[in-house]
Amino acid sequence: MRRGAALLRAENVAFVVFLAFMLVYPLTTDEFSILNTAYFMAITLMALSLAMIWGKAGILSFGQTAFFGIGGYLYGIYTLNVLGAGATWVGILVGVLAGALTAAVLGYFMFYGGVNDVFVGLTTLALTLVLQTFMAQTAGPEWTVGEARLNGYNGMYTPQISVGDIPLFGRPLYFLYLGILVGVYLLLRWLAGTRWGYGLLALQENRPRTETFGYNVRLMQVQVFALAGGVAALSGVLYASWGSYIDPSSMGLTAAITPVIYVAIGGRRSLTAAMISSMVLLKLSQSLASEAPQYALVIFGVLALLAVLFVPEGFVVAIFNALDRWIFRRPSAGERVAPSEVAADARRAG
Amino acid sequence: MDGVFNALYQFQVSFSLLLLSAIGLAVIFGMMGVINLAHGEFMMLGAYITTIAGTNGAPLALAMLLGALGVGLFGAVMEIVVVRRLYGRLLDTVAATWAVGLILSQGTLILTGPSMQGISSPFGSFSVGATSYSWYRVALGLVSVALLIGLYLLFMKTKYGLRARATIQNPSIARALGVDTPRMYTITFALGSALAGLAGGLFAPTATIVPFFGVNYIVEAFVTVIVGGANALVGTPIAAALLGAVNAALGTEFGLYIGRVGLLLTTIVIIRVLPDGISGLIDRWRMRPTDSRSGR
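Chains A and B, in that order, are what the protein sequence lines are.
Oh and the first sequence: position 140 is 139 in numbering that gives the first Met the number 0, straight run, nothing missing.
Oh and the second sequence: position 255 is 254 in numbering that gives the first Met the number 0, straight run, nothing missing.
Hints are computed from structural coordinates only; laboratory data are not their basis.
All C-beta atoms in this analysis are idealised placements derived from N, C-alpha and C, irrespective of residue type, glycine included.
Treat the hints with care, as some may be off.
[Unchecked claim] Which bits of chain A does chain B cover? Going by a derived footprint, with three or more residues having C-beta under 8 Å, they are:
id	region
1	47-59
2	125-133
3	256-266
4	295-302
5	305-315
All chains, please: the whole structure from these sequences, using the hints.
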C-alpha cells in the first residue's frame with residue numbers, strides 16, 4: 000500500500016501518460032508522422048544518456064554525439080560488410096559495444112587520471128570535434144573498411160534493420176523504437192534506484208566523502224560513462240538505420256549542443272523530464288525549421304539560458320514539482336535531494 | 000638548412016595558434032575556475048568587429064584593438080548578467096556559456112548571412128630555399144610573445160595584478176583584506192574576453208569570416224588549457240610549446256586532420272598523468288618542501 004502510494008508521483012504519472020500517448024499515436028496519424036516520430040525517439044535516447052550521466056552522476060559530457068557517431072558508423076561498417084537481415088541485429092550490438100568501449104577507454108583516462116567537472120566537458124567536446132574533422136576528411140576512396148566507404152561529408156549509406164529480407168518501416172519500426180526507448184528508460188531508472196545508482200548520486204555531491212564510504216568512485220564513473228556511451232551509440236545506430244544514412248555533421252558542434260539543451264530545458268535530474276522534453280523540443284525544432292532554421296537554435300539557446308539561470312531544475316521538472324505539491328501533496332523530488340550547490344560551494348572554498 | 004628553418008617556422012605557427020587561441024580562456028579559468036564555452040564565439044565576434052572596422056578604412060591594428068575592446072565589453076556584461084549568478088555551479092556555468100555561444104553564432108548567421116568579405120593578410124611573404132613563408136604568421140608569433148610579456152607585467156607589477164593573484168590564491172581572505180572580489184571577477188572575465196576578441200582579430204586576415212569561425216580554434220584552445228592547467232602565465236605557454244611541437248610535427252608530415260587527432264590523443268594521455276596540467280606539476284614541485292596546501 001505504501002509502496003503504491005510512493006509510486007504515485009507526477010513524474011511517474013507523466014511517464015504513463017507519455018507511454019499511453021505514444022502507443023495510441025501511430026493509430027491516429029499517417030505514415031510520414033509515424034516515421035518522423037521514430038526519428039525523434041532515436042535522438043531522444045541520446046538525451047536519456049546525457050540525463051543519466053549529467054543528472055545522476057554529475058558528469059557533463061559533450062561527447063554523447065561522438066559516441067552517437069561511433070555507433071552509427073560502426074553499425075554501418077558492420078552491416079555493409081556482413082550482409083543479411085540477421086547482420087543488422089548483430090550490427091546494433093556492434094555499434095553499441097563500440098560506443099561503450101570508446102567511452103570506457105576515454106573514461107579510464109579521464110577519471111583514473113583524476114579529471115573531473117569542467118575538464119570532462121572540455122575533453123569530451125574536443126573528442127567530438129576531432130572525430131568530426133577526422134570523418135569529414137574521409138571522402139577519398141582510400142577510406143574504405145572492407146565494403147564500407149566512409150565517404151566524408153557525402154555520408155555513408157547504411158542498411159536498415161530488417162526482419163527476413165524486408166527492412167522494417169512504418170508501424171513495426173515505430174514500435175521497435177518505442178520498445179527500445181522505453182526499455183532503456185526503465186533500465187536507467189532501475190539502475191538509478193539501485194545501490195550503485197545511489198552511489199552515483201553521492202559522488203555527484205561529494206567525491207572524497209563517497210570514497211571514504213568505501214565506494215570505488217573512479218570505477219563507478221567509468222562504468223556510468225561507458226553505459227551512457229553505449230546508450231548514445233544505440234541512439235546513433237537507430238538514427239543511421241532509420242535514415243539508412245549517417246554523415247559527420249551528426250557529430251558536429253551543433254549536434255553536440257542539442258542534447259545538452261534538451262536536457263537543461265527539461266531538467267537533468269529526471270530521466271522522465273529529459274525524455275519528454277527531448278521529444279517535445281525535437282517536434283518544436285522541426286516545426287520551426289521549416290519556417291526559419293536559424294531561429295530554432297537561437298530560441299532554444301535562450302530557453303536553455305533562462306532555464307539554467309532561473310529554473311535550474313528544468314522547466315519540466317519544475318512542473319512535476321508543482322504538481323507534486325498541489326495535487327499529490329508530497330515534497331517534490333528536488334527537496335529530497337541534497338542540494339548540490341552547497342557541496343559545490345564547499346569544494347570551491349576548500 | 001631549409002628543413003630546419005621550415006620546422007622552426009611550422010613550430011612557431013602552431014605555438015602562436017595554440018597560445019593565442021587559449022590565452023583568454025586560460026586567464027578566465029585560472030582566476031574563476033570557469034570555462035567559458037562561448038570562447039570560440041567570442042573569437043568570432045572579435046574577427047567580425049575587426050573585419051568590419053578594417054573594411055571600413057580603419058588601420059588594421061586599430062581594427063584589432065576595437066575587436067578586443069568590443070568583446071571585452073561584451074564579456075563584462077556577460078559576467079554580470081550570466082556568470083555571476085552561477086558562482087559555485089560550475090557545470091551550470093558551462094551549459095549557460097555554451098547557450099550564449101549558440102545564441103551568438105546563430106544570431107550572427109541571421110544578422111550577417113553565411114559569410115563576409117574578409118581582409119587580406121598584410122606584410123606579404125618571403126622565401127627560404129624553394130618554400131614561401133608568410134610574414135604575417137611570423138608577426139603572430141612575435142605578438143604572442145609580446146602578449147605573454149604584457150600579461151606577466153600586468154599580473155606581477157600592477158595593483159590589479161596583485162589583487163587578482165590574491166583572489167586566485169584565496170578569495171575569502173582577499174575579500175577580508177578589502178579586495179572587491181566580484182569586481183576582480185568582472186575585470187578578469189572582461190580581460191579574458193578581450194584576449195579572445197584580440198585573438199579572433201589577429202586570425203581574421205588568415206581565415207574566412209563565417210559565423211562558425213570560432214569552431215576552427217576551440218579544439219586548440221581547449222587542449223592547451225587542459226594541458227596547461229590553471230596558471231595562464233606559466234602553464235599555458237609551456238602547454239602551447241609542447242602541443243605546438245606535436246601539432247607541427249604531425250601536421251607537416253600527415254596533414255591538418257591528423258595533427259588535430261594527435262593533439263587530442265596527446266592531451267588524453269597527459270591528463271592521465273597530470274590531471275591538473277602543467278601548472279599542477281609546477282605547483283607540486285614548488286610546494287615540495289612543505290606540502291601544506293591540500294591538492295585540488
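Tested hints:
{"no.": "1", "hint": "47-59", "result": "holds (count 3)"}
{"no.": "2", "hint": "125-133", "result": "holds (count 6)"}
{"no.": "3", "hint": "256-266", "result": "holds (count 4)"}
{"no.": "4", "hint": "295-302", "result": "holds (count 5)"}
{"no.": "5", "hint": "305-315", "result": "holds (count 3)"}
Violated hints: none; the structure is consistent with every hint.
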